[in-house]
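S.K.: One letter stands for each residue in the lines below.
Number of protein chains: 2
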Amino acid sequence: MARELRLNAFAMNCVGHQSQGLWRHPRDRSADYWRMDHWIELARLLERGRFDGLFLADVVGVYDVYGGSPDTALRDAVQVPTNDPLLVIPPMAQATEHLAFAVTVNLSHEPPLPFARRMSTLDHLTGGRIGWNIVTGYLDSGSKGAGRGKQAAHDTRYEIAEEFMDIQYSFWEGSWEDDAVRRDREAGVFTDPAKVHRVVHEGEYFKVDGIHLCEPSPQRTPVLYQAGSSSKGVAFAARHAECVFVGGHSRSKMAADVARLRALAVEAGRAASDLSVFALATVITAPTDEEAQAKFEDYQAYASKAGALALLSGWTGIDLANPDLLAAGAAGGNAIQGAAAAFTSGGPSRHRDLDSIAQSAALGGGGPVLVGGPQRVADELEAWAAEADLDGFNLAYALMPETFADVVDHLVPELQRRGRFKTDYAPGTYREKLFGRGPRLEETHPAAARRRRMPSRAPVTAA
Amino acid sequence: MARELRLNAFAMNCVGHQSQGLWRHPRDRSADYWRMDHWIELARLLERGRFDGLFLADVVGVYDVYGGSPDTALRDAVQVPTNDPLLVIPPMAQATEHLAFAVTVNLSHEPPLPFARRMSTLDHLTGGRIGWNIVTGYLDSGSKGAGRGKQAAHDTRYEIAEEFMDIQYSFWEGSWEDDAVRRDREAGVFTDPAKVHRVVHEGEYFKVDGIHLCEPSPQRTPVLYQAGSSSKGVAFAARHAECVFVGGHSRSKMAADVARLRALAVEAGRAASDLSVFALATVITAPTDEEAQAKFEDYQAYASKAGALALLSGWTGIDLANPDLLAAGAAGGNAIQGAAAAFTSGGPSRHRDLDSIAQSAALGGGGPVLVGGPQRVADELEAWAAEADLDGFNLAYALMPETFADVVDHLVPELQRRGRFKTDYAPGTYREKLFGRGPRLEETHPAAARRRRMPSRAPVTAA
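If you read the protein sequences in the order shown, they are chains A and B.
Start counting at 1 in the first sequence, then tack on 7, and there's your number in the working numbering.
Start counting at 1 in the second sequence, then tack on 7, and there's your number in the working numbering.
The following block holds chain A by itself, in its conformation from the complex:
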């Protein structure tokens, strides 16, 4: 029998996330992103619908490639203004019991020790419901704003990331033994110092010497997400990720990518099923196909092509407003096709010109838009999952929170009727809910190498 599908809501602490211009729709509430109750209401809605998690994207930087300025991004609220995603998680966790939170943090901006503490704190506060989407950065504007000039080259970024991960594993898994904290009022021992270990690391990019500041949290290492699609990125995901986020419009291309990813994980000594793969999709649904189609057409009237091109220019690094490019005929056409190919994640492009690329990207970003009543949309998701060997979907919004409310009210009951979606949450931490084991990472994961072994199992090794 086909396995249960997982659903994450895909959002960002901003206005226009994947769909651009839709904030102008009278029912859209994404412009309230800065309010705490906006997020609390979303979390409650998602938990009512048994969503597995809320996946929070993040970008430290602005989309200023299009036209060589951030003007279009600002005018259309294309991922700017954007607030810090970590800070809305605790109040959402307080308002829910099971919903998990996978949050994007670009490690380029994080010193190792304070970052380890941030994530451990979130794991404590949420009772083990935290995941981290590991990002190494793609916008120069973020790097420059942060105070470091242009960002490091792509491959170097993954070398830095490997080293950074190793330090994090040492802090999270190796620094404090399970029974280090005793809270023994009688003996006067809060923590047994013999069971807390320094992390000493001298690498090419980092030099660290210190203990982790936090006692062990429920999961220790948060559930690890990754979304890289380059060869370096895929290799990194196969080694480190527990959940992988994929995009694109081509099922067959996605199927090949996912198969390759799972094969690489097996090569790295892990099981193919150690990876949970989520695909981007935007679902526009209603009680009937006709109503869903009408809704879609209503939304389309608000979509901003300029906003979409600003986003796409940022993603690809190609200024799609450049008049030379547009006038260059074949060469320009190739550049545009290159952008389209990047946008569709390498699948065969359905797009012949910039206008059709923009139209497609303006609603649903880099993934498919599935429009229909509950049966039709459920059929589509099942077909994607079957062909591409997916575990679930990161569902983006067209309208906030209407898109998620429609999924909760229409799609979720249909998937439940089909036995493809849980009717209640499994107990335990995020990792246990996702994989039926945990709460710690399995022994085949590289993080496990940084664990302290109990003397009865193996000699103590340096963290």
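Careful: at least some of the hints might be erroneous.
Same chains, same names: a pair is fine if it fits in one copy or spans any two.
Computed cross-link-like contacts, DMTMM-like style, restricted to lysine to aspartate or glutamate with a CA-CA straight-line distance of at most 25 Å [stated by the list, open to error]:
no. : residue 1 : residue 2
1   : Lys214    : Glu166
2   : Lys260    : Asp362
3   : Lys239    : Glu389
4   : Lys214    : Asp162
5   : Lys214    : Asp78
6   : Lys239    : Glu166
7   : Lys312    : Asp39
8   : Lys302    : Glu193
9   : Lys302    : Asp191
10  : Lys429    : Asp185
11  : Lys202    : Glu11
12  : Lys312    : Asp191
13  : Lys312    : Glu193
14  : Lys202    : Asp326
15  : Lys312    : Asp199
If you're looking for bench data, these hints aren't it; they were derived computationally from the structure.
Owing to the predicted nature of the structure, the values given are computational and were not obtained by experimental measurement.
Model the placement of chain B on the given structure of chain A, informed by the hints.
M.R.: This is chain B only, laid out in the frame that chain A set:
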């Protein structure tokens, strides 16, 4: 008539903050620091008592000077384990309406743009109830753990801090004009790009080129706290701080320090009353003097002198467990006296030996412990405030949350009877509540120089 006193609760996302060993007391709940409801209950208690704010200390690092290891700090839970303070603020803000949150963040660990975004996000989420205690770091262990080797020299740290502040002011005050964000659904303009400005900074320590990522928050710049007592630190406070946190056991020394600080602020073009000065104190109170005294003696039985010495060694950089030091007679005695003087903030030392220093520091840290019924304690606080020209107190806890509950139930009503404490909150943001003006920083503050002027007022200048 004497002005109203301000009260902050002084705490940290850890177990033993200012008083050491008290976590062993049967009624102490500080070991629950990792739980969200622990903080929410504290916030509700403080708001019930009309506390102005919760001041959250933070240390990224461990106290490993004492005995050359963190063992004592770990055993006694001396500010370790410690979780991130920022992440407990949103749920506390959600549970309250007026209570403000002043949070310590060491700028050494923060890249400029992500930090500016973090604080703007908190200012948005709390509705303008956020303050920032500016710290440049004092523990080498934090710097090494963060991945940067030993920390910069003291004076250099303040140079870095000056540059960092200038960048923050540019992001917070200068990057987005007041009317930049229009949210105009009809016109399709979320943000008017002409009213958003790049921050371009090329300094000795930072290079920044980018816009702030957040739309203007209620206060823009958070209420600025500072606690430096060195000459560089005091000069920095006089220039930047709106609230200053002072410590020590000597009223006359504190009076001289506060007078100097206010004089320096005036020299810097500000008003003496632009600074709100808070002194550290620990209040142990009960309905009667006798009950308060009995409570104090009960607490003392749990105080840890070793924990106090670990804290003191970290603060002073002198290993007070060093047997050579202890055996060195006069020289050793001088070092110990030096530590005692540092601990008492330069006032005349009442302490003749290490044991009496430890005993004093173990309950109440580096400030006075005021023991008595409501009248006696209120008299003491009024006397401190009068002699040292204080605006209020940062009240540390002996037991969490019992110490604060006693203040709320016994001391606050007495201060209210005397007309020295508000019976209800003033409206508005933290800055408006504190100073009766705002929500933005006044024109004489250096942050104001980074503001965009409206064309009718002055020509546009570079941020």
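S.K.: Does each hint hold? Answer for all of them.
M.R.: Hints, one by one, checked against the model:
| no. | hint | in the structure |
| --- | --- | --- |
| 1 | Lys214 / Glu166 | both (15 Å within a copy, 24 Å between copies) |
| 2 | Lys260 / Asp362 | within (24 Å within a copy, 73 Å between copies) |
| 3 | Lys239 / Glu389 | neither (30 Å within a copy, 65 Å between copies) |
| 4 | Lys214 / Asp162 | both (20 Å within a copy, 24 Å between copies) |
| 5 | Lys214 / Asp78 | between (40 Å within a copy, 23 Å between copies) |
| 6 | Lys239 / Glu166 | within (9 Å within a copy, 40 Å between copies) |
| 7 | Lys312 / Asp39 | within (23 Å within a copy, 51 Å between copies) |
| 8 | Lys302 / Glu193 | between (65 Å within a copy, 20 Å between copies) |
| 9 | Lys302 / Asp191 | between (61 Å within a copy, 22 Å between copies) |
| 10 | Lys429 / Asp185 | neither (32 Å within a copy, 47 Å between copies) |
| 11 | Lys202 / Glu11 | neither (41 Å within a copy, 49 Å between copies) |
| 12 | Lys312 / Asp191 | between (62 Å within a copy, 18 Å between copies) |
| 13 | Lys312 / Glu193 | between (67 Å within a copy, 16 Å between copies) |
| 14 | Lys202 / Asp326 | between (55 Å within a copy, 23 Å between copies) |
| 15 | Lys312 / Asp199 | between (60 Å within a copy, 18 Å between copies) |
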